[in-house]
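Protein chains: 2
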Amino acid sequence: MNNTQSKLPRTERNPELTRQAILDTAFMEIFRNGFQGMRLENILTETGLTKGALYHHFKNKQTLGYAVIEDIIQPMIESIWVKPLEASNNPLDTLQTVIKTLPDMKPDELIQFGCPLNNLVQEMSPLDEGFRKRLDAVMSLWHESTKAALQAGVQSGQIRQDTNCEETAMFIMAAVEGCIGLAKSSQSLERLRTCLKSISGYLASLTIDASNR
Amino acid sequence: MNNTQSKLPRTERNPELTRQAILDTAFMEIFRNGFQGMRLENILTETGLTKGALYHHFKNKQTLGYAVIEDIIQPMIESIWVKPLEASNNPLDTLQTVIKTLPDMKPDELIQFGCPLNNLVQEMSPLDEGFRKRLDAVMSLWHESTKAALQAGVQSGQIRQDTNCEETAMFIMAAVEGCIGLAKSSQSLERLRTCLKSISGYLASLTIDASNR
DNA sequence: AAATACATACATACTAGTTGGTTTGTCAAG
DNA sequence: CTTGACAAACCAACTAGTATGTATGTATTT
Numbered sequence: 001m002n003n004t005q006s007k008l009p010r011t012e013r014n015p016e017l018t019r020q021a022i023l024d025t026a027f028m029e030i031f032r033n034g035f036q037g038m039r040l041e042n043i044l045t046e047t048g049l050t051k052g053a054l055y056h057h058f059k060n061k062q063t064l065g066y067a068v069i070e071d072i073i074q075p076m077i078e079s080i081w082v083k084p085l086e087a088s089n090n091p092l093d094t095l096q097t098v099i100k101t102l103p104d105m106k107p108d109e110l111i112q113f114g115c116p117l118n119n120l121v122q123e124m125s126p127l128d129e130g131f132r133k134r135l136d137a138v139m140s141l142w143h144e145s146t147k148a149a150l151q152a153g154v155q156s157g158q159i160r161q162d163t164n165c166e167e168t169a170m171f172i173m174a175a176v177e178g179c180i181g182l183a184k185s186s187q188s189l190e191r192l193r194t195c196l197k198s199i200s201g202y203l204a205s206l207t208i209d210a211s212n213r
Numbered sequence: 001m002n003n004t005q006s007k008l009p010r011t012e013r014n015p016e017l018t019r020q021a022i023l024d025t026a027f028m029e030i031f032r033n034g035f036q037g038m039r040l041e042n043i044l045t046e047t048g049l050t051k052g053a054l055y056h057h058f059k060n061k062q063t064l065g066y067a068v069i070e071d072i073i074q075p076m077i078e079s080i081w082v083k084p085l086e087a088s089n090n091p092l093d094t095l096q097t098v099i100k101t102l103p104d105m106k107p108d109e110l111i112q113f114g115c116p117l118n119n120l121v122q123e124m125s126p127l128d129e130g131f132r133k134r135l136d137a138v139m140s141l142w143h144e145s146t147k148a149a150l151q152a153g154v155q156s157g158q159i160r161q162d163t164n165c166e167e168t169a170m171f172i173m174a175a176v177e178g179c180i181g182l183a184k185s186s187q188s189l190e191r192l193r194t195c196l197k198s199i200s201g202y203l204a205s206l207t208i209d210a211s212n213r
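Order-wise, the sequence lines are chains A and B. Counting in my numbering, the first sequence tops out at residue 213, every number present. Counting in my numbering, the second sequence tops out at residue 213, every number present.
Incorrect hints may appear among the rest.
Identical chains share a label here; the pair holds if one copy fits it or two copies do between them.
As the list claims (entries may be wrong) - Under the rule of at most 25 Å between Cα atoms (straight-line distance), these lysine-lysine pairs were calculated in the DSS-like manner:
#: 1; residue 1: Lys197; residue 2: Lys147
#: 2; residue 1: Lys106; residue 2: Lys133
#: 3; residue 1: Lys51; residue 2: Lys83
#: 4; residue 1: Lys133; residue 2: Lys59
#: 5; residue 1: Lys83; residue 2: Lys147
Derived from the structure by calculation, the hints contain no laboratory data.
Work out the full structure: start from the sequences and follow the hints.
In structure tokens:
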């Protein structure tokens, strides 16, 4: 009787669905055009909603942006990085796998628009402290799980004991974002793959057999 | 008699100075707020010019953006990376030096606003093909000089023969941009330094003595 | 169980401010 | 005296945000 399947049941009221539809659309608009380039009007036409609905659920454009970070981007990072690494019994291998399979998820979007998290960091961190804090919090989540994966590699004897996991984790994050960003200027999936491959090479250089110091 | 010292001589006419003043101011505004966030009005107030002057020298906002890439950002990349690497008789060492001394140039700006080139790549590449092409051209310049430095390292016997200089150069660029971008979310110069240090570590892993394959 | 009261979830219409861009005029230089 | 290099005033489009109205759901009272 009730159509919870359809995205936006016009006749019925479903605040949860409505809010989620706004968030999803806002995310894609921000992903494509940046936060400053996002137009509320586009969200309304794409969702079929009106200003009243939007401003009922969100105080203003800024807080809508905050909500996109917390409710869309953070869960995204958690599902791609945090959860797989936590669930794995060989986090180092999982880390390699995640990096390697990254371009397979949504190749077109990844090449064209890059990383939603990094995009917002680069655009909004210097402009809005509220953005910066929330984005930094997500980065910290990612950093912690990556660091833990490396520490597991050290404990399992896969990685050299003298590895600074804190710094190495940061470098891996930087490298991943750098690779994705680099592919954007050339719009080349091939370039992204080869660039990510270098990260694997770097990780390999941290293994015991690769060192003879 | 003529005051070429002052930025903008009001009474006299100096189209070259005027154009440069617009470009310089536009660059800083783009650097801080992004291209979409840049307001022509701000450029006018900061330069003391009017709409007439701006639209005399530039057709529209878009071509002003293009000119900033070609006349400001490209020379910047050339002076920081290309020229030092070309002039050096030990390009690999010079590469290390450039990376290491990067945070010393304009630390505050670098942490707060990141890399002007990468900022524009991330923001505008997906939105405007004209931007993408021009930005990709600058990236290619940077890539060529970095690749040449690595090849010099191979020829001098500092780097392993089996190194893929093309791919490694791309990875270094990605890593550099990634490190700068990472520092932005935390606004930490310290983090930038340690992150860049990891690039040196990676370069070290390419040297002959570090490999035992 | 029905009526009342109130809150939630939107829709419609409008506004104030912004912003890129244009038109026209003017002054200096070659 | 013609062209280049600006200045001043203006315009049309856009855009976030608001004011107001309305339909629907829900709790309370009787």
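Given identical chains, is Lys83 near Lys147, meaning Cα to Cα at most 25 Å, within a copy, between copies, both, or neither?
Within one copy only: 14 Å inside a chain, 37 Å across chains, cut-off 25 Å.
When Cα atoms must be at most 25 Å apart, do Lys51 and Lys83 count as within-copy, between-copy, both, or neither?
Close neither inside one copy (37 Å) nor across copies (54 Å); limit 25 Å.
State whether the alpha carbon distance between Lys197 and Lys147 is at most 25 Å within one copy, between copies, both, or neither.
This pair counts as both: shortest intra-copy Cα distance 20 Å, inter-copy 17 Å.
As a check of your reading, is Lys133 near Lys59 (CA-CA no more than 25 Å) within one copy, between copies, both or neither?
within (19 Å within a copy, 39 Å between copies)
Evaluate Lys106 and Lys133 at a C-alpha cut-off of 25 Å and name the case that applies: within, between, both or neither.
between (27 Å within a copy, 23 Å between copies)
Hint 3 from the list above is the single one not met by this structure.
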